[in-house]
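Residue numbers (the working numbering), protein chains in the order written: chain A, 465 to 939; chain C, 465 to 939.
Derived from the structure by calculation, the hints contain no laboratory data.
These figures come from a predicted structure and were not determined experimentally.
Take these hints with a grain of salt, some might be off.
What the hints assert, rightly or not - Here are the simulated EDC-like pairs of lysine to aspartate or glutamate, each with C-alpha atoms no more than 16 Å apart in a straight line:
hint, chain 1, residue 1, chain 2, residue 2
1, C, Lys591, A, Glu844
2, C, Lys597, A, Glu612
3, A, Lys605, C, Glu612
4, A, Lys660, A, Glu713
5, A, Lys597, C, Glu835
6, C, Lys564, C, Glu551
7, C, Lys591, A, Asp691
8, C, Lys597, A, Asp691
9, A, Lys670, C, Glu612
10, A, Lys670, C, Glu615
11, A, Lys605, C, Asp925
12, A, Lys597, C, Glu844
13, C, Lys670, A, Glu612
14, C, Lys605, A, Asp925
Claimed, not checked - Listed next, with one range per pair, are the computed distances between beta-carbon atoms:
hint, chain 1, residue 1, chain 2, residue 2, range
15, A, Gly871, C, Tyr680, 46 to 54 Å
16, C, Leu512, A, Leu582, 41 to 49 Å
17, A, Leu611, C, Arg481, 30 to 38 Å
18, A, Glu878, C, Glu835, 51 to 59 Å
19, C, Asp545, A, Lys534, 46 to 54 Å
20, C, Gly586, A, Gln470, 45 to 53 Å
21, A, Leu582, C, Thr746, 54 to 62 Å
22, C, Leu512, A, Gly871, 53 to 61 Å
23, C, Tyr680, A, Tyr680, 29 to 37 Å
24, A, Glu835, C, Lys726, 52 to 60 Å
25, C, Arg889, A, Lys588, 32 to 40 Å
Even for Gly, the Cβ is constructed at its ideal location relative to N, Cα and C.
The primary structure of each chain is shown beneath.
Number of protein chains: 2
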Amino acid sequence: MTTASQRAQTWIETYERCTNAGDINAATALFDDAECFWRDLVFFSWNLKTTEGKQEIAEMLKATLPHAGKVTWRVDGEATDDEALTEAWVLFENDVARGKGYLKLRNGKAWVLLTTLLELKGHKERKDSTRSKGVMHGAIKDRTTLLEKREKEERELGYKTQPYCLIIGGGQGGIGLGARMRRLGVPTIIIEKNKKPGDSWRNRYKSLCLHDPVWYDHMPFLPFPDDWPIFSPKDKIGDWLEMYTKVMELNYWTETVCKSAKFDDRKKQWVVKVMRKGKPVTLKPAHLILATGLSAFANVPKLKGASTFKGEQHHSSQHPGPDKYKGKKVVVVGSNNSAHDISAALWEVGADVTMLQRSSTHIARSVTLMELEAGPLYSEAAVARGIDVTKADYLYVATPYKVQARGLIDVYKEIKKRDADFYARFEKVGFMHDFGDDESGLHVKYIRRGSGYYIDVGASDLVCAAKINSNLGWR
Amino acid sequence: MTTASQRAQTWIETYERCTNAGDINAATALFDDAECFWRDLVFFSWNLKTTEGKQEIAEMLKATLPHAGKVTWRVDGEATDDEALTEAWVLFENDVARGKGYLKLRNGKAWVLLTTLLELKGHKERKDSTRSKGVMHGAIKDRTTLLEKREKEERELGYKTQPYCLIIGGGQGGIGLGARMRRLGVPTIIIEKNKKPGDSWRNRYKSLCLHDPVWYDHMPFLPFPDDWPIFSPKDKIGDWLEMYTKVMELNYWTETVCKSAKFDDRKKQWVVKVMRKGKPVTLKPAHLILATGLSAFANVPKLKGASTFKGEQHHSSQHPGPDKYKGKKVVVVGSNNSAHDISAALWEVGADVTMLQRSSTHIARSVTLMELEAGPLYSEAAVARGIDVTKADYLYVATPYKVQARGLIDVYKEIKKRDADFYARFEKVGFMHDFGDDESGLHVKYIRRGSGYYIDVGASDLVCAAKINSNLGWR
Numbered sequence: 465m466t467t468a469s470q471r472a473q474t475w476i477e478t479y480e481r482c483t484n485a486g487d488i489n490a491a492t493a494l495f496d497d498a499e500c501f502w503r504d505l506v507f508f509s510w511n512l513k514t515t516e517g518k519q520e521i522a523e524m525l526k527a528t529l530p531h532a533g534k535v536t537w538r539v540d541g542e543a544t545d546d547e548a549l550t551e552a553w554v555l556f557e558n559d560v561a562r563g564k565g566y567l568k569l570r571n572g573k574a575w576v577l578l579t580t581l582l583e584l585k586g587h588k589e590r591k592d593s594t595r596s597k598g599v600m601h602g603a604i605k606d607r608t609t610l611l612e613k614r615e616k617e618e619r620e621l622g623y624k625t626q627p628y629c630l631i632i633g634g635g636q637g638g639i640g641l642g643a644r645m646r647r648l649g650v651p652t653i654i655i656e657k658n659k660k661p662g663d664s665w666r667n668r669y670k671s672l673c674l675h676d677p678v679w680y681d682h683m684p685f686l687p688f689p690d691d692w693p694i695f696s697p698k699d700k701i702g703d704w705l706e707m708y709t710k711v712m713e714l715n716y717w718t719e720t721v722c723k724s725a726k727f728d729d730r731k732k733q734w735v736v737k738v739m740r741k742g743k744p745v746t747l748k749p750a751h752l753i754l755a756t757g758l759s760a761f762a763n764v765p766k767l768k769g770a771s772t773f774k775g776e777q778h779h780s781s782q783h784p785g786p787d788k789y790k791g792k793k794v795v796v797v798g799s800n801n802s803a804h805d806i807s808a809a810l811w812e813v814g815a816d817v818t819m820l821q822r823s824s825t826h827i828a829r830s831v832t833l834m835e836l837e838a839g840p841l842y843s844e845a846a847v848a849r850g851i852d853v854t855k856a857d858y859l860y861v862a863t864p865y866k867v868q869a870r871g872l873i874d875v876y877k878e879i880k881k882r883d884a885d886f887y888a889r890f891e892k893v894g895f896m897h898d899f900g901d902d903e904s905g906l907h908v909k910y911i912r913r914g915s916g917y918y919i920d921v922g923a924s925d926l927v928c929a930a931k932i933n934s935n936l937g938w939r
Numbered sequence: 465m466t467t468a469s470q471r472a473q474t475w476i477e478t479y480e481r482c483t484n485a486g487d488i489n490a491a492t493a494l495f496d497d498a499e500c501f502w503r504d505l506v507f508f509s510w511n512l513k514t515t516e517g518k519q520e521i522a523e524m525l526k527a528t529l530p531h532a533g534k535v536t537w538r539v540d541g542e543a544t545d546d547e548a549l550t551e552a553w554v555l556f557e558n559d560v561a562r563g564k565g566y567l568k569l570r571n572g573k574a575w576v577l578l579t580t581l582l583e584l585k586g587h588k589e590r591k592d593s594t595r596s597k598g599v600m601h602g603a604i605k606d607r608t609t610l611l612e613k614r615e616k617e618e619r620e621l622g623y624k625t626q627p628y629c630l631i632i633g634g635g636q637g638g639i640g641l642g643a644r645m646r647r648l649g650v651p652t653i654i655i656e657k658n659k660k661p662g663d664s665w666r667n668r669y670k671s672l673c674l675h676d677p678v679w680y681d682h683m684p685f686l687p688f689p690d691d692w693p694i695f696s697p698k699d700k701i702g703d704w705l706e707m708y709t710k711v712m713e714l715n716y717w718t719e720t721v722c723k724s725a726k727f728d729d730r731k732k733q734w735v736v737k738v739m740r741k742g743k744p745v746t747l748k749p750a751h752l753i754l755a756t757g758l759s760a761f762a763n764v765p766k767l768k769g770a771s772t773f774k775g776e777q778h779h780s781s782q783h784p785g786p787d788k789y790k791g792k793k794v795v796v797v798g799s800n801n802s803a804h805d806i807s808a809a810l811w812e813v814g815a816d817v818t819m820l821q822r823s824s825t826h827i828a829r830s831v832t833l834m835e836l837e838a839g840p841l842y843s844e845a846a847v848a849r850g851i852d853v854t855k856a857d858y859l860y861v862a863t864p865y866k867v868q869a870r871g872l873i874d875v876y877k878e879i880k881k882r883d884a885d886f887y888a889r890f891e892k893v894g895f896m897h898d899f900g901d902d903e904s905g906l907h908v909k910y911i912r913r914g915s916g917y918y919i920d921v922g923a924s925d926l927v928c929a930a931k932i933n934s935n936l937g938w939r
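Chain A extracted, bound-state conformation (with noise of 0.2 Å):
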């Protein structure tokens, strides 16, 4: 065993110990006296949880000691050391369930602990060995087949019987959901505006691909194959999420909208109305799950004149593609992503384009981002040291907001040195652009606000030679 592996070992045994004890005092004693925070995700809390400071994390454990009963832990793997940081895989269980976290040592006390739930003991997700066999052997009177048991599935859930879990949205989020209850056995109805699955992506405007790459982007289960390419177009992603969504045998009603929903606190279910392709459901399940995405609502602000405006006039979601505006003079209204994508794309086929700037925006180099913001998780590099999307989300989710935003500042930096004579252009044609609240860039204000910031690929040097005639302090 390592240096560290020993620290680690040591810091979860104590641990163990002092929970299981119940000695609050002597638990919390074993985080950093300067800053720490322990992150629960599920396992003790049944819920999503950040505590920074040991006031809130003695809290913590005296609201979910008593009902996690004895916890055993263990370090898993060996543990690493990094200057006067060690870090180390931990899995844990209870009588009714197993956890995997992760921690991280300062001086041999704990500066994060993360704890995830992993499963519920008895509801093992049947993969690899424990696969289905898939047919019957045997000869058996009158038996069904697995295609017919799937439509009798299909014909009866919703009608007949009852959904656990009702997903509103099927767009990626609620689609891997949806796989992980089908994975688990969980009686589960996703329900989607949209004619097919993809569609939610193939609306969009034509020239739309993904800013995140592709290391980023792995629906659970199914990676994508290896030759998929970086930035994934729109209408590539939508065939994915429509092929995944079959494949994984998905209970995906299209044509469906939700009306109304509300929870009957007697029986302890809701009653959701939907439209399925234009008449009523009433489904009761016991979970209802919006995944109605961050970035889907339309922001449409009221302008002075619109409504006796005489020409065309439509939000980003509606935006058909450049073809049709060849020649016209067009105003895009704001400054963030899908202006300057949809200005660029009409400046490519000969439209004449005003981007109005209302606010600052925040401005990165797509290429340089990959590398300094993105690469340690999602790159190339990241998997070939081991971290594929699974490893990468966990590492991500072990280091709390607070902690990402000041280590983004020092990225922040560098990248405002590497690309100093791209941000210089903006400064001389007047073109507002920050770097967030904090200077911590465009991460954490997607995730402050979900918008403000465009990842260039190819509009800012319109911008700056003034192809795209960007009017600026338009209110």
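Once you have looked at the hints, place chain C on chain A.
Structure of chain C alone, referenced to chain A:
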């Protein structure tokens, strides 16, 4: 370096020296006197060739060394020793190509040398760190999106432009090869008579499940998810192939049949007439590939009196499944896999079935086959030992058929012993069964004649309990 690796290294160095010096006698002397094989998949012979004995090996060396040029060889990873047998992966390359092989030494001499072509230099498949970006960043006048490029390709390939390869038959073989061609950037069309990819599975009798287990069935580049059932029902495989064809962006022409094909020796291209959805199209590929299957052709015996028989008659490939035959009398002619499957399914719905056995059938229990025959290479245990489907396929082809058959005789001795009670029941009811010409069992029988066996998944119980009335001796 282990002793085994050292032994392999010594052999390969000597072989490299002798072959590069053109010293065929010395090279041949490195092979085992009692028995030796060199199997070449494309690298040296540009063909699939198995040579046996020093004489044949010398002849192939003579024929191939001049155009192979200088080849450099090395052992890849550590070799393994098992009694008198040393086994090692080898890598080799010349000016035009890279190859991968497998070497089996007995007392330091080559018993088997496998050489396969990995890739032509300058035609590396783009994947991982060389994957495409997916989108061209920058502002580009009149850009076309990937979707537009794809649509243009679909519109023009076969009409304005010609495919380099034409694959006839869009089952798993044609689709898998098509995916490889797509990745290599070779313009390829797959033609398929059915309406959708996967229909060649969907159209079969409803109880059909793959008799080969999941570890054997993976398509290239996109393995099944880890909860895929062991024995996949036909419709599930059908859906997978349809999805695969779509996400791999194959040019897959449905409802298309080949009417004629001839090679134009002057232009060095094929002239292939096909009917696509009723319209004639002439294709001029450089390569024409038949992927119409090993087992897909109906063998319909001419039966005396068939033309005046009043009942329904059909071949197993047209069998719709059992449901409409409930309570009817049915005669199934033949006693191999489909006959057993169909008879059992008919019995399950309550038909009165008679299976006619024309000649002896090899019977083996699925569960025993999985463990003893397929298990060493294709099983969860094999995967746990690091043998995924690619590695298993290499190890499989590293065993010449002659050696394979010999090894399987021992396996079937064990099968006979383990399932002695099972086989005794056939003898009791007079159902003729065998283990192949040389007692080497199912797999070799399949390779030799494509049929002649039943993998028991339940029907044998019915046969032995005389629930399917197996009439014997019919001609």
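Comparing the hints with the structure gives:
Taken as a hint, the Lys591 of chain C and Glu844 of chain A pair is honoured in the structure, with Cα atoms around 10 Å apart against an allowance of 16 Å. A distance of roughly 42 Å separates the Cα atoms of Lys597 of chain C and Glu612 of chain A; the hinted pair therefore is violated under the 16 Å criterion. Of the pairs offered as hints, the one joining Lys605 of chain A and Glu612 of chain C is violated, with about 53 Å between alpha carbons and a cut-off of 16 Å exceeded. With a C-alpha separation of about 14 Å, the suggested pair Lys660 of chain A and Glu713 of chain A falls inside the 16 Å cut-off, and the hint holds.
At roughly 14 Å between alpha-carbon atoms, Lys597 of chain A and Glu835 of chain C fall within 16 Å of each other, so this suggested pair holds. Note on Lys564 of chain C and Glu551 of chain C: the hinted pairing holds, with a Cα-Cα distance of about 14 Å set against a maximum of 16 Å. Of the supplied pair hints, the one linking Lys591 of chain C and Asp691 of chain A holds, its CA atoms being roughly 4 Å apart against a limit of 16 Å. Distance check on the hinted pair: Lys597 of chain C and Asp691 of chain A sit about 10 Å apart at the alpha-carbon level, within 16 Å; holds.
For the hint pairing Lys670 of chain A with Glu612 of chain C, the CA-to-CA distance comes to about 10 Å; that is within 16 Å, so the pair holds. Under the criterion of a C-alpha separation no larger than 16 Å, the hint pairing Lys670 of chain A with Glu615 of chain C is consistent with the structure, at around 13 Å. Between Lys605 of chain A and Asp925 of chain C the alpha-carbon distance is near 13 Å, which keeps this suggested pair within the 16 Å criterion. Distance hint between Lys597 of chain A and Glu844 of chain C is fulfilled; the C-alpha atoms sit about 12 Å from each other, no more than 16 Å.
Distance hint between Lys670 of chain C and Glu612 of chain A is fulfilled; the C-alpha atoms sit about 10 Å from each other, no more than 16 Å. For the suggested pair Lys605 of chain C and Asp925 of chain A, the alpha carbons sit about 13 Å apart, so the restraint of at most 16 Å is met. Between Gly871 of chain A and Tyr680 of chain C, the C-beta spacing of about 47 Å keeps the proposed range 46 to 54 Å intact. Evaluation of the 41 to 49 Å hint for Leu512 of chain C and Leu582 of chain A yields a pass: the beta carbon distance comes to about 47 Å.
The supplied range of 30 to 38 Å is broken by Leu611 of chain A and Arg481 of chain C, whose beta-carbon atoms lie about 60 Å from each other. Between Glu878 of chain A and Glu835 of chain C, the C-beta spacing of about 57 Å keeps the proposed range 51 to 59 Å intact. At about 48 Å, the CB distance of Asp545 of chain C to Lys534 of chain A agrees with the hint of 46 to 54 Å. Between Gly586 of chain C and Gln470 of chain A the CB atoms are about 51 Å apart, so this pair conforms to the stated range of 45 to 53 Å.
Checking the proposed 54 to 62 Å range against Leu582 of chain A and Thr746 of chain C shows it holds: the Cβ atoms sit about 59 Å from each other. Checked against the hint of 53 to 61 Å, the C-beta distance between Leu512 of chain C and Gly871 of chain A comes to roughly 56 Å, which is consistent with it. Distance hint for Tyr680 of chain C and Tyr680 of chain A: a CB-CB separation of about 33 Å, consistent with the stated range 29 to 37 Å. Range check, Glu835 of chain A to Lys726 of chain C: Cβ separation about 55 Å, and the 52 to 60 Å hint holds.
One distance hint, 32 to 40 Å for the beta-carbon pair Arg889 of chain C and Lys588 of chain A, holds here, with the actual separation near 38 Å.
The structure shown violates the earlier hints numbered 2, 3, 17.
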